[in-house]
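Could you build the full structure based on these sequences and the hints that come with them?
Chains as they are written, first to last, in the working numbering: chain A, 156 to 326; chain B, 275 to 443.
Since the hints were made in silico from the structure, they are not lab data.
Each hint should be verified, as a subset may be incorrect.
[Unchecked claim] Result set (EDC-like, lysine to aspartate or glutamate): computed pairs, CA atoms no more than 20 Å apart in a straight line:
#1 A:Lys229 to A:Glu185
#2 A:Lys276 to B:Glu343
#3 B:Lys408 to B:Glu398
#4 A:Lys274 to B:Asp315
#5 B:Lys278 to B:Glu326
#6 A:Lys200 to B:Glu345
#7 A:Lys227 to A:Asp184
#8 A:Lys312 to B:Glu291
#9 B:Lys301 to A:Glu285
#10 A:Lys196 to B:Glu343
#11 B:Lys327 to A:Glu285
#12 A:Lys276 to B:Glu297
#13 A:Lys304 to B:Glu297
#14 A:Lys276 to B:Glu326
#15 A:Lys263 to B:Glu291
#16 B:Lys312 to A:Glu185
#17 A:Lys263 to A:Glu316
#18 A:Lys276 to B:Glu289
#19 A:Lys227 to A:Asp182
Below, each chain spelled out in residue letters.
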Amino acid sequence: MSLEAFKTRVLPTKDKLFRFALKLVGDADEARDIVQEVFIKVWNKRNEMDELENMEAWCMRVTRNLSLDKLKSKKRKLTDSLDQTHDISMGENITPYRSTELSDTMIKIGTFISSLPDKQKQVIQLRDVEGYSYQEICDILEIDMNQVKVNLFRARKSVRENLLNANAYGL
Amino acid sequence: MDSKRIEQLIAKYWECETTLEEEKELKNYFSAGDYDAKFKDVAPLFQYYTNEKESASLDGLFDEQVLAEIEQGVPSSPKKGKVMSMFTNISKVAAVILVVVVAGYFIQQEIKEKEQPYLTDTFEDPEKAFEETKKALQLISKNFNKGRKQAKKLSTFNEAQERVKDNNL
Chain A
156 MSLEAFKTRV LPTKDKLFRF ALKLVGDADE ARDIVQEVFI KVWNKRNEMD
206 ELENMEAWCM RVTRNLSLDK LKSKKRKLTD SLDQTHDISM GENITPYRST
256 ELSDTMIKIG TFISSLPDKQ KQVIQLRDVE GYSYQEICDI LEIDMNQVKV
306 NLFRARKSVR ENLLNANAYG L
Chain B
275 MDSKRIEQLI AKYWECETTL EEEKELKNYF SAGDYDAKFK DVAPLFQYYT
325 NEKESASLDG LFDEQVLAEI EQGVPSSPKK GKVMSMFTNI SKVAAVILVV
375 VVAGYFIQQE IKEKEQPYLT DTFEDPEKAF EETKKALQLI SKNFNKGRKQ
425 AKKLSTFNEA QERVKDNNL
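Here you go:
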């Protein structure tokens with residue numbers, strides 16, 4: 156892969172990778188570092204890259220693995236409980252600027268989706284936000300097709316219930 | 275767009291049977307703004323997805339940093355960690371070797387000290403040794419002679435005793 160090919164094929168995926176990493180680690184600077192690390196990995200393995208069927212999915216998978224590694228080491232350092240880290244990530248994700256753009260219901264949807272179980276959250280992020288196919292999600296998360304479908308189904312079902320509740324009772 | 279079709283698509287969406295294109299259609303429909311009022315419950319969800327996709331992005335500065343990093347060809351941070359761990363490993367080995375060497379030296383010292391009385395002579399020069407031995411022997415003989423003089427006195431007592439015995443008989 157030449158530098159030109161790298162610029163046209165790999166760099167444009169940066170926002171997708173960044174958002175995914177951000178959702179996982181909940182810290183913009185760290186997510187940025189992760190994406191950078193992924194790109195350097197791609198460049199160092201550029202000779203093998205051409206043989207990959209779906210490079211984007213591969214990048215996503217590496218991003219996910221790196222993010223989970225970072226999370227693990229972070230947990231060891233801070234020994235934070237899971238709930239606390241969730242709260243922190245939510246606080247950083249929604250800046251005042253963004254929250255003015257978003258309606259109340261949408262903020263509720265956001266908090267609800269981020270409180271889903273990890274697998275469901277990742278699947279719904281990949282499918283509904285980033286628009287990946289089922290096969291690609293299988294590759295990225297390294298789980299089989301059935302698990303992808305089951306997780307997506309459950310995630311959408313919970314989202315739907317939550318939406319209905321929000322509209323009916325303002326919860 | 276036909277609101278009936280949207281309704282069908284939403285029903286399919288909840289069943290997870292929509293294709294990517296159909297999901298895109300839904301997102302486009304709701305982000306356009308003028309959707310049918312009966313969809314106001316679900317509209318925020320699809321708007322949320324669209325919004326989320328534009329929520330966070332990396333700027334051009336990031337591109338420059340990555341390209342600069344690539345041109346240098348130096349994967350910086352992870353290698354540093356490895357160098358550190360190598361150093362600690364080597365220092366561990368070095369410490370063990372140091373301990374063994376020091377212990378060995380002291381043990382050798384100990385063994386030498388034990389062997390010294392048997393192995394080494396007090397005198398290097400044989401003539402001197404001869405003189406010293408002579409002196410020591412003379413000292414012994416002198417004292418021995420002293421003792422003999424005392425013993426001679428004893429023998430006079432013995433003689434006297436003998437004589438008294440003879441006279442009495």
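Each hint, compared with the structure:
1. Restraint check for lysine 229 of chain A and glutamate 185 of chain A: the C-alpha separation of about 11 Å stays at or below 20 Å, so the hint holds.
2. Among the hinted pairs, lysine 276 of chain A with glutamate 343 of chain B is inconsistent with the structure: their alpha-carbon atoms are about 32 Å apart, more than 20 Å.
3. About 16 Å separates the Cα atoms of lysine 408 of chain B and glutamate 398 of chain B, which keeps this hinted pair within 20 Å; it holds.
4. Annotation: proposed proximity of lysine 274 of chain A to aspartate 315 of chain B is violated, straight-line Cα distance about 26 Å (limit 20 Å).
5. For the hint linking lysine 278 of chain B to glutamate 326 of chain B, the alpha-carbon distance of about 27 Å lies beyond 20 Å, and the restraint is violated.
6. Of the supplied pair hints, the one linking lysine 200 of chain A and glutamate 345 of chain B holds, its CA atoms being roughly 14 Å apart against a limit of 20 Å.
7. A C-alpha spacing of about 17 Å is found between lysine 227 of chain A and aspartate 184 of chain A, which places the hinted pair at or below 20 Å, so the restraint holds.
8. About 13 Å separates the Cα atoms of lysine 312 of chain A and glutamate 291 of chain B, which keeps this hinted pair within 20 Å; it holds.
9. Proximity of lysine 301 of chain B to glutamate 285 of chain A is assessed by CA-CA distance (about 12 Å); at most 20 Å being required, the pair is judged to hold.
10. Between lysine 196 of chain A and glutamate 343 of chain B, the direct Cα distance comes to roughly 11 Å. Compliance with the 20 Å bound is thereby established for this hinted pair.
11. Pair hint lysine 327 of chain B plus glutamate 285 of chain A holds up; C-alpha atoms about 6 Å apart against a cutoff of 20 Å.
12. A C-alpha spacing of about 18 Å is found between lysine 276 of chain A and glutamate 297 of chain B, which places the hinted pair at or below 20 Å, so the restraint holds.
13. For a cut-off of 20 Å, the pair hint linking lysine 304 of chain A to glutamate 297 of chain B stands: about 15 Å separates their Cα positions.
14. With a C-alpha separation of about 13 Å, the suggested pair lysine 276 of chain A and glutamate 326 of chain B falls inside the 20 Å cut-off, and the hint holds.
15. Using a Cα cut-off of 20 Å, the hinted pair lysine 263 of chain A and glutamate 291 of chain B is violated, with the two alpha carbons roughly 25 Å apart.
16. Proximity of lysine 312 of chain B to glutamate 185 of chain A is assessed by CA-CA distance (about 42 Å); at most 20 Å being required, the pair is judged violated.
17. A distance of roughly 13 Å separates the Cα atoms of lysine 263 of chain A and glutamate 316 of chain A; the hinted pair therefore holds under the 20 Å criterion.
18. For the suggested pair lysine 276 of chain A and glutamate 289 of chain B, the alpha carbons sit about 17 Å apart, so the restraint of at most 20 Å is met.
19. Between lysine 227 of chain A and aspartate 182 of chain A the CA atoms are separated by roughly 14 Å; this keeps the pair inside 20 Å, and the hint holds.
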